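J.: Okay, here's what each chain looks like letter by letter:
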Amino acid sequence: MSLCCTHLVTSSDLRADWNSRRSKLNHGWLGKTYPAKLGALRRVLSGEISDSAFVARFLRDDFAQWARYRPELARLIEEVPRLLSPLARVDAPPLSALAQEDRKWVGALTEAVWSQLHDVEGLVNEAKRLLAEADEIYARLVPSIEDASSADLEHLRSLADHFEAFHRVCCDLSAVISRFPHEVA
Amino acid sequence: MNCALPVLPRILIIDDVFGRTLGDRPNEERADLCRSLLLADVTGDSSASGVQGRIARPIAEALFCRAQSPVCARVGDTVENDLEGCLQVVRAGWQNRPADVPPWSLVLLDLCFYTGTVTNGDPGHLPGVPAGRPADDQPSSYFGLKILKALRHEFPDMPVVILSGNPRSPVSKDIDTHGARGFIGSADPNAVSILQEYLDRHGLIADESMFGYSVPLLIALRSARRLKGAARNVLIRGESGVGKELLARYVHRHTRRDEPFVVVNSALLNPNLYSSALFGHRKGAFTGAIADKKGLIRDADGGSMFLDEVARLPPDVQAGLLRVLQERTVRPEGADDGREIAVDVQFIFATNEDIEGQVIAGGFRADLLERLRFGGGTIVIPPLRDRRSDIPLLAQHFFESAKNALGRGSVRGISPEALDMLRAADWPGNVRELEGCIRKTVAEYPDVEYLYPLHFEFPAAVRLLASGVPVQATPAAPTTMVPPVTHLDDVAAFLSRFDFAQVPQAELAGALPRIQRVFQDFAARLLETALARTSRATPDAPDGRAKIHPAIKLLKGDPKLTASAAADEVKRLLTHDDVRREGHLRDAYEVAIRLRPPTSRKPRPDADPHE
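These protein sequence lines map, in sequence, to chains A and B.
This note's numbering puts the first residue of the first sequence at -3, with every later residue one more than the last.
This note's numbering puts the first residue of the second sequence at 8, with every later residue one more than the last.
Treat each hint with caution, since some may be false.
Unchecked claim - Counterexamples of contact, computed for chain B against chain A with all Cβ distances above 10 angstroms: (1) R61; (2) G236; (3) N272; (4) D454; (5) G517; (6) P566.
Stated by the list, open to error - Selected chain A positions facing chain B (in silico; Cβ < 8 angstroms): (7) K33; (8) E44; (9) F50.
FYI, nobody ran anything at the bench for these hints, they're computed from the structure.
Quick caveat: nothing in here was measured; it's all calculated off a predicted structure.
In this text, a Cβ means the ideal position worked out from N, Cα and C, and glycines have one as well.
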């Protein structure tokens, strides 16, 4: 097997792996199970549900999932321009047959068109901004709930707006990550 | 049988994560979803967490289905998608359910289902979720889309909404074309209000005032709810005794709940005083008008007026009513100053008659009918024979009510045999007739323990449909009310719902050629319509020339269809009988034969490809 072919397989695999990680992390966790926990807390704080066991679990384990999965989310966003770019296609047949000089400008052009078409830079910046916003709200909430017990609902209710803001930012972040292209088109 | 209707809608949620069973452990993700969407988990498996007791006011009951096997997988097990298993769960809550269990109000369906070996503890994987295979998260091969297609095919009336953490955009066209009614993003902070809105707009939800869980009835109730904020006039159509006034009250409750509701029965009012009763009058307008009178329309101002038997309105009242519908003002009789009084009334009309036929016969104004039909919405309440599954529930309800009204006696219930017989009758007088029959029987036999078939004396017109044997010698009066069917989807939905199990054996003899002829004629008329719509007048054919190519392209929805393929289609659609007809069909067949002669597979070289 030639070096080119090996490279083609590898970049394609990396893309597939990125998409798979996105699916599990973003659509599975950030877009599905984590917001369900945040939504459940909102219902408890609004008095629609009384469930102290849930609140205790949320304070002890669930809320902290952000800290656990956040680095993986950040990595996912950082990798977009490198792993999803069509630049690697230039090194694979048939474009690899071009002269080195031509490959250079064809690659640059393809990447520029791709980036423009999907507004990759704009999406990456927006995702980073939302990640930072979520981090900020999370960092503000953690010390406030560190000593809170599940019975301290009044204290938690005073933080309801922050939890709601955090929920919305997570939702927006999930939507932006969903908009990264699935395929090189 | 419990005859009190549960009021909560019943939702089926098909999802790999929320639907899985984790042995003895509660499925916390499912519990979180239930808390978040205010759902009571009624799955009944070991993973149902019991949160429902802590939800003050759940908006629906939810039953979860994994659509994968095994439902309870341990680390190391291999999980595969299971379409048939999923469909069995759906069927159990749709056509195979007991009479006192409502059908699925709504199905919430996930898109991406992970298969493969179950993992545990890896930061990228939730505990107990399979590792996933490459095709699982490819939008083009989502298992959720396969389920959606299968649901659309087998249960066309079942409302399905996508509930997914995956984005809508890559599959938006697919989910729309396969009949999903909407999309809820799992992460959406407003998911609960969106779900509530979808339940209201698309859900099949029973109501205590209209006893029954049959799909045709629940579709009528849904049509009524959909009028909210959209229509000012409503026309309710249905045979006598189906509950048109109850439905009118339901419409009112869902549109103008706290405002007045005025009922007018056109057949009962004195024809001479009708105008005055409806529009009001001024003092001295006629002999006996000793004081000003507001009239019923102004009594209903801000609320709703239910006008039953609208087909029997006298001509002068029709003219007055048309003006009210157009101008939204009332002019009382004798108001010579010409002053009109503005009113804001939602008119709910009802009829069991062939009102279109009356227009043709000159008994009803065409412009008023247009206002009734198109100024708002038309709701058709199905006759009882089309919602036979509701009969045991209704019978039980009327029995309890009659027993309580009687206040004495030892009668405890209706025997299963009697319920079967009641279910098998056709009830041309509909729910009212069934109620009368049960009340009469309870009153006549208060001292038996159970009512058996021998205790029931059916009204003269009632027949036992399933066996074809009349209960009494007098045949049922034919009904003249034919609900207008104007959409092909309605025809398709009716055909797909038709229950052959109710057809007597004798009717099956020779049924196939008869049905084939009907379909052949249906197809020929469809083609005739398409030919007429696509024909263009030419100097030698001022009435239009049949062009099979554009007509078949229209019907097939395929702009790339070739002329020869169109000719083949025409030959398939038309029989020799159709060719004997005059006009477009005959022309079309001749063109098709010219392009694709029976002896040759190739079109003539000089054939006009645009024909």
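J.: Are all C-beta atoms of chain A more than 10 angstroms from that of P566(B)?
T.: The claim stands: P566(B) keeps its Cβ more than 10 angstroms from every Cβ of chain A (closest is about 24 angstroms).
J.: When you look at the beta carbon of G236(B), is every beta carbon of chain A farther off than 10 angstroms?
T.: holds, 26 angstroms
J.: If we take the beta carbon of D454(B), is the closest beta carbon in chain A still more than 10 angstroms away?
T.: Consistent with the label, D454(B) stays out of reach of chain A, its closest Cβ about 51 angstroms off (over 10 angstroms).
J.: Is it the case that R61(B) keeps its Cβ farther than 10 angstroms from each residue Cβ in chain A?
T.: violated, 5 angstroms
J.: Under 8 angstroms is the threshold here; is the Cβ of K33(A) close enough to any Cβ of chain B for the hint to stand?
T.: Given a least distance of 5 angstroms, the restraint on K33(A) holds.
J.: May I ask you to check that G517(B) keeps its beta-carbon over 10 angstroms from the closest beta-carbon of chain A?
T.: Holds: least Cβ distance 56 angstroms, greater than 10 angstroms.
J.: Does F50(A) pass the interface check with chain B, least Cβ-Cβ distance below 8 angstroms?
T.: holds, 7 angstroms
J.: Classify the label on N272(B) as holds or violated, using whether its beta-carbon is more than 10 angstroms from each beta-carbon of chain A.
T.: Label holds. Min Cβ-Cβ 44 angstroms, cutoff 10 angstroms.
J.: How about E44(A): closest beta carbon in chain B under 8 angstroms, or not?
T.: Interface hint status for E44(A): holds (6 angstroms vs cutoff 8 angstroms).
Comparing the model with each earlier hint shows a violation of hint 1 alone; every other hint is respected.
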